[in-house]
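J.: Chains F and C supply the protein sequences, listed in that same order.
For the first sequence, position 18 (counting from the first letter as 1) is numbered 18 according to our numbering, and the numbering increases by one without interruption.
For the second sequence, position 140 (counting from the first letter as 1) is numbered 140 according to our numbering, and the numbering increases by one without interruption.
Be aware that one or more of the hints could be misleading.
As the list claims (entries may be wrong) - Some chain F residues judged to face chain C by a derived CB distance under 8 Å, without partners named:
id: 1; residue: Met33
id: 2; residue: Asn36
id: 3; residue: Gln39
id: 4; residue: Leu41
id: 5; residue: Leu45
id: 6; residue: Arg46
id: 7; residue: Leu63
id: 8; residue: Asn88
id: 9; residue: Leu119
id: 10; residue: Arg126
id: 11; residue: Gly127
To be verified - Chain F residues, not near chain C, derived (Cβ > 10 Å throughout):
id: 12; residue: Leu18
id: 13; residue: Glu37
id: 14; residue: Gly42
id: 15; residue: Leu51
id: 16; residue: Ser68
id: 17; residue: Arg71
id: 18; residue: Pro80
id: 19; residue: Trp81
id: 20; residue: Gln124
id: 21; residue: Leu134
id: 22; residue: Lys140
id: 23; residue: Asp149
id: 24; residue: Arg177
id: 25; residue: Lys181
id: 26; residue: Arg186
id: 27; residue: Arg189
In case anyone wonders, no lab produced these hints; they're calculated from the structure.
We treat Cβ as the ideally placed atom computed from N, Cα and C, and that holds for glycine.
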Amino acid sequence: MADFRLKAEHAGQSAGLLERVKTGDLDAFDQLMRANEKQVLGTALRLLGNLEDAQDAAQEAFLRLYKSLNRLPDIQEIRPWLYRVTVNVCNDMHRARRRRGWEPLSGPEPASTQPDPELAWVHQERGRLVEMALKTLPEKERAAVVLRDMQGLTTREVAGILGSSEVTVRSQISVARGKMKKFTDRYLRKHL
Amino acid sequence: MNCPDWEQDSAEFREHLKVCEHCREFEENAAAMRDLKVAPAAFAAVRQRVLSEIQAKKRRAVWWTWSAMAAATCVAILCAAYLLPSTQRPAALVARKDPPKIEWPLVQPVSHRIHHKSSGRSLAQAGPVRKTEPLAVVKMLTDDPNVIIIWLVDQKGDSL
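If we strip away everything but chain C, and leave its shape as in the complex, we get (with noise of 0.2 Å):
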């Protein structure tokens, strides 16, 4: 069983069998063992599982790969929506057209007579001093076309 000849090379290791019954009777044991016989059914399953397996592998790699291109795709042009617009907007400015200058005061500052009935003079009195502020004018239009109200507006929101 534990004899140290059981090392050797075989033919000194059958020489050995003849005079060690433990070593003979081992020997007989594992070759009994080594003529476990496996029907090529249950080798030929686990080829077929494995090759399954791979497949379903890589076809589960191919499908992750293909979200993922989407997946990235799709923050891509998420990206570019939200990040093209505001690269764009300093030239929308750029190409705008100012609006058109109003010109102030739009209404002469009336100087207001006041007529001396006695003397029959009318003397002139300068009005109260305006600054010329800039105006806001709203126009209101009306169902008729003849008719527009006009409002002039200080920017003290006072209509004039």
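In isolation and in its complexed conformation, chain F is listed as follows (with noise of 0.2 Å):
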């Protein structure tokens, strides 16, 4: 599970951090999107399905938090805001381009671990299928199964970010969940 706190021999070096980019230091800042891009790319990418999007979305997350240095007096702070900022960025975006229609990813191949290549191969397939069913969820229910089961963050830390209750959260969760399974089974049935 994903914490937000820093560990503490850690703290201090970001604070200082935290403290030269708000003196405009860009390399300090580029220190900072270094430590948060895994995490703000990836949450884009997952919500909206395409890197291209992802990388715009990205962007547009770190022009804010740079715009909005000056309001974030900790650095613990930054995380779970990237995190809300990206998924309001994906949303808009999401509406926007409703229009055209989702598109399979196309940038990175679900990547694999396993040394097996058949393995590896059905891995990447479900991968593929997860990404097909997300595509089908309603934005909440997206946001709250990608923060939660695929960023590994906690209930709570969820429910911080949507501005929603732990209880709202939990059943989103739970509904996307049965929606995805629906999907998979059903897809599976029909291409196997």
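Hints are included, so try docking the two chains, each in its own frame, into the full complex.
T.: Encoded structure:
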């Protein structure tokens, strides 16, 4: 489970990094982006299903972070703040580009650490199937599942990011898992 | 899939996965999505775009600052050019010398003498009573420096 709190030995360095960023140090901001880029781009990619759109969303999220740095007194607030902004940006982009329809992942292939090529292929296909199932979900349920099950946040953290209660998040995740299960079963029956 | 045990910590969760097929299946699917790897170039591209955008915004901000300062300077100069002469005008008036005062009348009133031929005496007759109104003097220079035409004009505009 991911924890928003940074380790104590890194907290001082991170606070210094935030102070440097606030003074306009772009190298420091670059470091801050490196520390959070997997979180932001990974979440955006899972929510949008398209690398190009995910990069646009990540860019927007980091630009918003740069503008809002003075409103973030503590570096520990950056991570949940970035999740929240990333989800909002992705929702905005999803609404704006709804007409375009979903596209398959244009960039990375779901990678697998399986040594067996056949198992790796199964793992990869499973990833694609989940990705397709995710696309069928409403945006709030999709965000809840991505943050909870793929980003590994706790229900409380997801509730804080989405501005919902924990009960609502549990319900959304439960409903979303049911829908995904139905979708994958139906898909496998149809194609196998 | 919707087991309440899903939220428990990882050790108990792993135990639960051994007995719950639905949760196991979902966890495998989620793990497949978690393994989604993005090329480092994609991260670098995002960072590069963000930094370029920030630098461009900084340049635009500097340009706007200088433009605003230049515009403010122009406005200040225009205001100064408009306001300063009006504030200096009274001082100029004070410093200016009054025009030389013209002594009136320039021409003494001539009493018209009527020579009475029969009596041989001349009667001094007072000329028409002239009010000592200020007269305007118009001097006209001619080509000949010895010839100057002088007009005396009263206030009604009649020449004398």
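J.: All the hints need checking, so say for each whether the structure fits it.
T.: Status of the hints after comparison with the structure:
About 5 Å separates the beta-carbon of Met33 (chain F) from the nearest beta-carbon of chain C, less than 8 Å, and the hint is met. Checking Asn36 (chain F) against chain C: minimum C-beta separation of about 10 Å lies over 8 Å; hint violated. Interface restraint check: Gln39 (chain F) against chain C, minimum CB-CB distance 11 Å, threshold 8 Å, status violated. A cut of 8 Å between beta carbons decides the hint on Leu41 (chain F): the least distance to chain C is about 6 Å, and the hint holds.
Interface hint at Leu45 (chain F): satisfied, since its Cβ lies 7 Å from the closest Cβ of chain C, which is below the 8 Å cut-off. Satisfaction of the interface hint for Arg46 (chain F) is found here, the shortest Cβ-Cβ separation to chain C being roughly 6 Å, below the 8 Å cut-off. A distance limit of 8 Å between C-beta atoms decides the matter here; for Leu63 (chain F) the minimum to chain C is near 6 Å, and the interface restraint holds. Hint status for Asn88 (chain F) relative to chain C: violated, with the closest Cβ pair at about 17 Å, above 8 Å.
The closest approach between the C-beta of Leu119 (chain F) and any C-beta of chain C is roughly 11 Å, which is over the 8 Å cut-off, so the hint fails. Interface hint status for Arg126 (chain F): upheld, as the beta-carbon distance to the closest one in chain C is roughly 4 Å, under 8 Å. Taking 8 Å as the C-beta contact cut-off toward chain C, the hint placing Gly127 (chain F) at the interface holds, the least distance being around 4 Å. Distance to chain C confirms Leu18 (chain F) as a non-interface residue, since its nearest Cβ pair spans about 16 Å, more than 10 Å.
Under the 10 Å C-beta cut-off, the non-interface status given to Glu37 (chain F) relative to chain C is violated; the minimum distance is some 5 Å. A beta-carbon of chain C is positioned within 10 Å of the beta-carbon of Gly42 (chain F); the least distance is around 7 Å. Not every C-beta of chain C lies more than 10 Å from that of Leu51 (chain F), the closest at about 6 Å, which undercuts listing it as non-interface. Distance to chain C confirms Ser68 (chain F) as a non-interface residue, since its nearest Cβ pair spans about 13 Å, more than 10 Å.
The Cβ of Arg71 (chain F) lies farther than 10 Å from every Cβ of chain C, with a closest approach of about 17 Å, so its non-interface assignment holds. No beta-carbon of chain C is positioned within 10 Å of the beta-carbon of Pro80 (chain F); the least distance is around 19 Å. Listed as a non-interface residue, Trp81 (chain F) keeps its Cβ farther than 10 Å from every Cβ of chain C; the least gap is roughly 16 Å. Against the 10 Å criterion, Gln124 (chain F) falls within the reach of chain C, whose nearest CB is about 7 Å from its own CB.
Interface exclusion of Leu134 (chain F) from chain C breaks down, the closest Cβ pair being 8 Å apart, not more than 10 Å. Even its closest Cβ contact with chain C, about 17 Å, leaves Lys140 (chain F) beyond 10 Å, as expected for a residue assigned away from the interface. Not every Cβ of chain C is farther than 10 Å from the Cβ of Asp149 (chain F); the closest lies at roughly 4 Å, contradicting the non-interface assignment. Annotated as non-interface, Arg177 (chain F) brings its C-beta within 10 Å of a C-beta of chain C; the closest such distance is 5 Å.
At the 10 Å boundary, the C-beta of Lys181 (chain F) falls inside the reach of chain C, the nearest C-beta of that chain being 6 Å off. Residue placement check: Arg186 (chain F) keeps its beta carbon more than 10 Å from all beta carbons of chain C (closest about 14 Å). With a closest Cβ-Cβ approach of about 15 Å to chain C, Arg189 (chain F) is found to remain outside the 10 Å limit, as its non-interface label requires.
Figure legend: structure checked against the earlier numbered hints; hints not met, in rising order: 2, 3, 8, 9, 13, 14, 15, 20, 21, 23, 24 and 25.
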